[in-house]
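Construct the complete structure from the given sequences, taking the supplied hints into account.
Here's the letter readout for the chains.
Number of protein chains: 4
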Amino acid sequence: MQKIWQEAEALQTELVERRRDLHRHPETGWTEFRTASIVIKELQALGYEVYMGDDALVEEEMMGLPVTEVLEQAMVRAVSEGADADLVEKMRGGKTGVVGVMKFSRPGKIVAFRFDMDCNDVEECDTADHRPLESGFQSLHAKEMHACGHDGHVTIGLGLAKLISEYKEEMAGTIKLIFQPAEEGVRGARAMVAKGIVDDVDYMFGGHIGFKATKSDSLVCLTGGFLATTKLDASFKGESSHAGAAPERGRNALLAAAASCIALHSISRHGQGASRINVGVLQAGTGRNVLPDVGLIKMETRGANTEINEFMVTEARRMIKASADMYNVDVTVSEAGGAPACVADHELGAEIKALAEACGQYGQVVDYMDLGGSEDCSYFMERVQQNGGRAAYLMYGTEIAAGHHNSCFDFDEKCLYKAVAMLTELAIAYTNK
Amino acid sequence: MQKIWQEAEALQTELVERRRDLHRHPETGWTEFRTASIVIKELQALGYEVYMGDDALVEEEMMGLPVTEVLEQAMVRAVSEGADADLVEKMRGGKTGVVGVMKFSRPGKIVAFRFDMDCNDVEECDTADHRPLESGFQSLHAKEMHACGHDGHVTIGLGLAKLISEYKEEMAGTIKLIFQPAEEGVRGARAMVAKGIVDDVDYMFGGHIGFKATKSDSLVCLTGGFLATTKLDASFKGESSHAGAAPERGRNALLAAAASCIALHSISRHGQGASRINVGVLQAGTGRNVLPDVGLIKMETRGANTEINEFMVTEARRMIKASADMYNVDVTVSEAGGAPACVADHELGAEIKALAEACGQYGQVVDYMDLGGSEDCSYFMERVQQNGGRAAYLMYGTEIAAGHHNSCFDFDEKCLYKAVAMLTELAIAYTNK
Amino acid sequence: MQKIWQEAEALQTELVERRRDLHRHPETGWTEFRTASIVIKELQALGYEVYMGDDALVEEEMMGLPVTEVLEQAMVRAVSEGADADLVEKMRGGKTGVVGVMKFSRPGKIVAFRFDMDCNDVEECDTADHRPLESGFQSLHAKEMHACGHDGHVTIGLGLAKLISEYKEEMAGTIKLIFQPAEEGVRGARAMVAKGIVDDVDYMFGGHIGFKATKSDSLVCLTGGFLATTKLDASFKGESSHAGAAPERGRNALLAAAASCIALHSISRHGQGASRINVGVLQAGTGRNVLPDVGLIKMETRGANTEINEFMVTEARRMIKASADMYNVDVTVSEAGGAPACVADHELGAEIKALAEACGQYGQVVDYMDLGGSEDCSYFMERVQQNGGRAAYLMYGTEIAAGHHNSCFDFDEKCLYKAVAMLTELAIAYTNK
Amino acid sequence: MQKIWQEAEALQTELVERRRDLHRHPETGWTEFRTASIVIKELQALGYEVYMGDDALVEEEMMGLPVTEVLEQAMVRAVSEGADADLVEKMRGGKTGVVGVMKFSRPGKIVAFRFDMDCNDVEECDTADHRPLESGFQSLHAKEMHACGHDGHVTIGLGLAKLISEYKEEMAGTIKLIFQPAEEGVRGARAMVAKGIVDDVDYMFGGHIGFKATKSDSLVCLTGGFLATTKLDASFKGESSHAGAAPERGRNALLAAAASCIALHSISRHGQGASRINVGVLQAGTGRNVLPDVGLIKMETRGANTEINEFMVTEARRMIKASADMYNVDVTVSEAGGAPACVADHELGAEIKALAEACGQYGQVVDYMDLGGSEDCSYFMERVQQNGGRAAYLMYGTEIAAGHHNSCFDFDEKCLYKAVAMLTELAIAYTNK
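Protein chains in written order, with UniProt numbering: chain A, 1 to 433; chain B, 1 to 433; chain C, 1 to 433; chain D, 1 to 433.
Bear in mind the hints are in silico, worked out from the structure with no lab data behind them. Among the hints, a few may not be true.
For chains that are exact copies, the list does not tell them apart, and a pair is met inside one copy or across any two.
[Stated by the list, open to error] Distance condition first, Cα-Cα at most 25 Å in a straight line; then the derived SDA-like pairs of lysine to any residue:
| hint | residue 1 | residue 2 |
| --- | --- | --- |
| 1 | Lys298 | Arg106 |
| 2 | Lys321 | Phe311 |
| 3 | Lys212 | Arg249 |
| 4 | Lys321 | Thr286 |
Owing to the predicted nature of the structure, the values given are computational and were not obtained by experimental measurement.
Here you go:
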């Protein structure tokens with residue numbers, strides 16, 4: 001096993017180069033055309049069977065898609081920045097999910113790893129001591145930045161792909177490497193799960209770089225406490241009228257939207273556990289002296305478990321409809337994202353811990369950490385668990401320059417090769433179970 | 001005509017006695033069992049054909065009825081205070097409306113007069129200088145008082161009945177004397193109008209004592225500006241739960257009721273004229289630590305015309321329903337009262353003015369006054385006008401000791417005989433048109 | 001120690017008699033005049049130093065007092081039912097708290113036990129199989145009933161007082177027996193704690209009969225999860241006006257009260273743990289056509305810890321004030337009850353468990369149970385812990401006929417003598433620590 | 001007098017050219033740099049004493065100013081479109097008001113005329129039959145259009161300036177020609193009135209083209225029913241926090257803004273006359289999962305008279321403040337516009353009518369029309385009336401292609417010369433009074 005760690009460490013220069021190239025070319029959710037092109041080409045080169053476009057996801061289940069114009073501009077930009085034009089064309093419409101599959105001669109388990117590819121809607125900071133700036137790999141795209149480490153995730157995924165292909169002899173069964181679009185806003189996993197990609201998976205692993213400012217040189221073997229969440233947009237449509245002359249002829253979408261916000265925040269607490277509600281954006285009306293005919297809210301619910309979140313969503317949908325009725329306006333509600341909660345598998349965590357300690361490469365091995373947020377990797381994990389498989393979510397320890405989603409985010413790249421080695425160990429261990 | 005005025009004046013002692021007896025025995029809306037008994041007996045004695053109970057109103061159209069227990073206690077009290085037990089029995093259920101009809105030998109018009117009989121939910125004041133107290137005719141009933149002059153109205157109606165019966169020779173066509181229950185809260189007129197009582201009427205007269213502190217010795221020939229109004233009760237029914245242990249299991253009727261109040265007051269102003277909304281009473285919940293399952297609101301709308309009021313009612317009903325939906329509770333809305341607006345017939349007013357000035361008995365004859373409130377006499381008047389008849393509402397001038405509905409209300413009884421005389425003149429004039 | 005259990009069992013007839021007498025004469029919070037008289041006389045007879053009236057509580061800290069009229073009627077009734085008139089007089093104003101103190105010759109710790117005395121605002125059920133009815137000890141007082149077992153608590157307290165007085169030799173230090181008024185609504189403890197009654201206490205024990213339908217013959221050694229809570233009343237005062245003629249002259253207390261309810265339920269969830277909000281009662285307005293000038297809400301907050309509850313209270317008070325400002329009305333907020341949360345002392349629980357198992361008298365000994373509600377015993381426990389002492393809350397297992405606060409509540413009286421014996425053991429053990 | 005009409009008609013080609021040039025170069029409120037430059041140069045050329053910049057208005061009283069960046073871009077554009085750079089510089093900061101004064105040798109009255117210069121925030125329509133498009137004078141500026149006829153008003157003002165200068169012999173006293181910025185949103189008049197520009201005026205005339213689709217060839221001699229109005233912006237500032245992890249740390253500006261909207265629409269109707277309230281725009285929050293820290297509303301009140309509008313404003317300001325307090329956020333309210341109501345001077349109207357009929361040039365002369373909206377010319381008129389002067393507002397009849405503020409608005413240019421002639425008549429008549 002020591003050999004794996006040495007080989008992974010030998011890849012480090014290549015990993016850092018990859019990560020920095022991705023960091024320079026960040027792409028937001030459903031526009032990862034260049035990133036996915038790189039992934040596809042690399043997986044193909046390494047001998048993986050590759051699924052993409054409609055073969056990797058179900059169009060109807062894609063949540064929170066940007067408008068067509070945005071998607072098309074992103075395609076043009078991806079090609080101009082070196083993406084393969086044919087591949088980009090196949091991903092038209094934002095179908096940027098990719099799955100690489102490799103089957104091995106010996107019978108064994110099906111083991112899947114998931115990596116997310118999208119960046120944040122954040123303008124990268126330009127302070128002199130921001131390392132991406134110092135080292136010349138800061139984002140080339142205004143208001144887009146890898147501030148959540150997904151550039152590292154893709155890098156780890158491709159490093160893992162390489163080591164797996166070099167350790168074919170040790171492997172058994174099947175490996176599935178899943179590269180997911182649109183994790184930000186928890187929008188992308190559902191469409192890939194709906195395609196059945198993990199329906200036959202026995203072991204499923206996800207992971208994240210440096211969450212909650214873990215120490216460099218540490219590994220968190222199991223992460224739990226995923227909050228179930230649902231993201232909804234509600235668009236109210238009434239009828240405008242002159243606010244002075246004939247207010248009675250209007251149908252007030254601003255009041256409907258405002259009333260819905262107040263009502264939503266009055267949804268009852270749940271006796272069985274934590275719940276959350278947030279209307280984060282409210283926009284209504286067109287002009288001061290016009291009775292407003294349009295309103296829009298962007299909101300989210302969360303729950304300590306899927307049932308509590310469902311309670312919140314049911315309440316929210318009914319209240320939004322009633323708010324519209326209250327002011328005699330129409331409303332359409334669309335799901336812009338979502339993720340279930342997920343049961344933490346402490347047994348599997350203990351197994352991972354044993355491996356992590358055995359390898360002797362981590363300064364600190366942590367049993368468990370609470371996420372206290374939402375991650376749509378839970379869609380994959382839930383599906384695997386429902387089918388009798390097992391799933392775990394790791395954290396690759398690293399100190400960070402600033403919190404996740406902060407414009408000055410950066411991480412210690414040493415965690416990259418360590419994650420590659422550790423996941424390769426898991427691939428060997430679990431395909432051979 | 002002078003003779004009429006002399007005879008009316010000769011009746012004054014009898015009128016005062018009648019009024020004071022009624023003042024001592026006030027009866028609130030739909031419980032005017034004793035008052036109606038007196039009216040019936042007197043009309044019968046004078047030779048009128050009398051309609052009562054189900055012959056005077058339509059049960060389904062009675063609004064704002066007290067609960068059965070209250071009605072039955074009132075029946076017992078009426079009998080104990082001298083009402084004819086058989087008559088009271090016939091009015092069971094609050095059917096206290098009475099119509100007296102007298103037909104005359106000469107062909108002529110059908111002319112109707114309307115008098116309201118109920119008292120207010122007011123405790124009569126007991127200051128030493130309150131004349132009913134001084135003169136020993138204060139209310140015998142706790143929290144019931146004739147503070148709006150309806151004791152006077154009934155008195156005038158019976159005085160008019162008497163003079164008409166003495167002036168048969170002068171009369172033509174048909175006279176209808178309508179004694180209406182439950183004017184307070186505008187609850188009673190609709191049920192009598194629904195019975196068709198004024199469907200054939202050519203001329204319709206209503207009136208009121210001393211409104212807006214007119215001078216004694218004055219007559220207002222025409223009153224307009226009746227606000228259309230609707231009184232609604234909304235009763236919300238949800239589901240209680242323990243507010244600490246399982247708030248999510250409740251359905252919160254208190255929040256639904258509260259939300260409806262806020263929403264109702266946000267109904268748009270109307271570009272075509274004045275509107276009003278008032279939630280006057282709100283009661284909800286059972287205990288501090290119980291998620292509330294019950295809520296009740298008592299509200300009213302008004303409009304400068306019937307159309308504006310209808311706009312308000314439509315908005316209100318939809319909002320109440322939506323407020324219930326918002327918190328997933330049930331709601332039932334019932335109409336507790338109402339009155340339409342009414343077109344002021346300035347031509348008829350001018351004719352009345354001519355008569356009033358010709359008689360030479362009034363110190364001041366006023367053309368027109370604005371009511372600025374609601375009165376369900378408008379139901380009768382509207383129906384007559386819709387059928388091509390004409391209608392007017394007079395005010396019998398008198399100084400008053402305090403405002404209407406005030407516990408110290410009282411009026412100058414001289415207005416009684418003057419009103420009797422004036423109405424007798426109208427009866428003669430208009431049956432002969 | 002076996003002797004203690006035998007003696008306690010020998011007291012059982014007396015205990016049952018006592019409990020049934022108290023059950024027949026229930027008294028709600030701050031009106032426990034008869035109950036307290038019995039307690040005082042018994043404690044005095046056993047040789048305790050007794051503190052009562054102003055010596056047992058601080059008047060200003062009494063929360064949720066009934067109006068004077070209610071207190072005085074209760075005094076009269078208590079005397080008529082056998083209470084000592086002089087003692088009752090000393091408790092005038094609802095000062096019904098009692099403390100019995102006994103000091104022993106050997107030096108030792110100060111150990112306090114707390115018992116609550118008040119009944120519920122519940123009408124006792126009258127089904128044939130309700131044992132208090134069958135056995136003739138049902139409540140003599142309409143709408144008052146011991147439906148929470150406090151009759152049992154007082155009985156246990158007096159039983160304990162007796163055994164302690166018989167085991168003086170075994171005791172050391174000081175025993176304090178605290179009989180608290182008004183636990184329902186968590187109103188009474190604060191005033192006794194404010195008096196300093198437990199400021200010097202080393203060990204503090206509270207307890208409850210049969211919570212959450214424990215099995216008969218069981219003991220729960222430690223109860224935690226007390227929710228901190230605050231009960232507030234807010235009284236809004238505006239200005240009425242005629243809703244049709246001059247609505248602009250009113251100041252609408254109904255809308256202020258309604259707006260406060262909506263706002264209160266929109267207080268943010270707390271990221272650190274469970275919180276609760278409930279407006280249980282809302283009453284506003286005087287009549288349908290009067291712009292409402294009065295409004296009242298009765299509400300409560302809760303929190304998983306005192307800090308969270310304080311967050312809720314701060315938010316609530318600000319929102320109530322702002323709701324009043326919104327509609328230009330005045331508001332006064334008064335505290336009608338409250339209790340802090342309380343840290344569960346698992347070490348002390350383990351010690352109690354050892355004793356309970358050693359005595360061999362319980363069929364089942366449970367380590368810990370979560371209360372999931374509020375109990376103002378936490379005021380005493382918190383104070384003792386703040387001063388470096390230790391505190392625990394036990395549950396005396398018993399099957400119950402119906403849930404607490406249910407009109408058919410009843411319990412298995414066998415738990416009485418067992419509790420007396422167990423507490424006597426604790427008294428000996430902890431005064432000698 | 002006929003000569004005046006002939007000379008005015010002779011100016012028509014020049015008037016049309018002027019109007020079309022202005023129509024092609026519309027400038028929104030406070031950016032009328034090019035328009036004002038033209039006015040200044042023309043007035044100077046005709047021999048008027050010209051007041052501009054700080055001499056024409058009080059900076060502190062300018063309402064609803066655009067941000068500096070917008071003002072500066074407009075200055076650059078004006079110069080690039082031919083405006084005199086020096087003049088534009090003198091108007092820096094949006095001080096685009098202009099007053100031209102001409103004094104005559106004979107003593108007489110001071111007579112003022114007011115013309116508004118700004119355009120609307122409207123994108124001009126591009127349908128083939130839209131005359132400005134057909135005739136090639138459509139707006140050159142995106143989202144700016146003269147859709148309210150102010151291009152015509154300026155044209156009339158300069159035509160009037162010319163005729164007055166040609167009829168010096170007929171004139172007496174003093175003429176003041178006021179060219180006002182920012183009438184849209186009723187923002188500009190207050191600052192000019194505050195400068196004292198009309199403090200000495202005896203007769204004040206305002207006017208509008210084609211309101212309410214009057215017939216071509218008609219004149220409305222008096223317009224009344226100006227609604228008093230106030231435009232307010234409220235900006236809420238709270239504190240953001242992570243909606244999932246720590247919602248209790250946020251201060252929710254979105255809920256404050258939403259609550260204010262609901263509350264504002266619940267301001268009581270006014271018993272003395274019509275009132276209006278409209279929140280036309282609401283924008284709050286930054287992202288779905290961020291507790292929102294910003295909120296903005298744009299609203300207006302109106303009243304049948306200034307007192308009613310003041311009632312609305314007082315209520316609104318208090319409610320906005322209370323809504324901010326409710327959610328513990330800060331709020332700043334700024335006045336973005338406003339106008340008082342104004343008494344219609346029917347006597348002066350009658351005089352104008354006599355003149356209009358005498359000239360024999362109008363097909364239809366209308367006594368009076370109700371505006372049913374707001375116009376800040378009322379600031380000038382109110383001030384003149386307060387000082388004992390007299391004021392009237394005319395309407396220059398014309399059929400219109402679409403309603404005012406509609407993107408297809410256009411008018412019959414014949415009204416231009418007729419207005420010039422009529423106002424010249426008024427100038428002669430009233431300076432000689």
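State whether the alpha carbon distance between Lys212 and Arg249 is at most 25 Å within one copy, between copies, both, or neither. between (53 Å within a copy, 18 Å between copies)
Give the relationship of Lys321 and Thr286 under a CA distance limit of 25 Å: within one copy only, between copies only, both, or neither. both (22 Å within a copy, 24 Å between copies)
For Lys298 and Arg106, with the copy left unspecified, which applies at a CA distance of at most 25 Å: within, between, both, or neither? So Lys298 and Arg106 fail the 25 Å test inside a copy (50 Å) and across (70 Å) alike.
Is it within a copy, between copies, both, or neither that the alpha carbon of Lys321 lies no farther than 25 Å from that of Phe311? both (16 Å within a copy, 22 Å between copies)
Hint compliance for this structure: hint 1 alone is broken.
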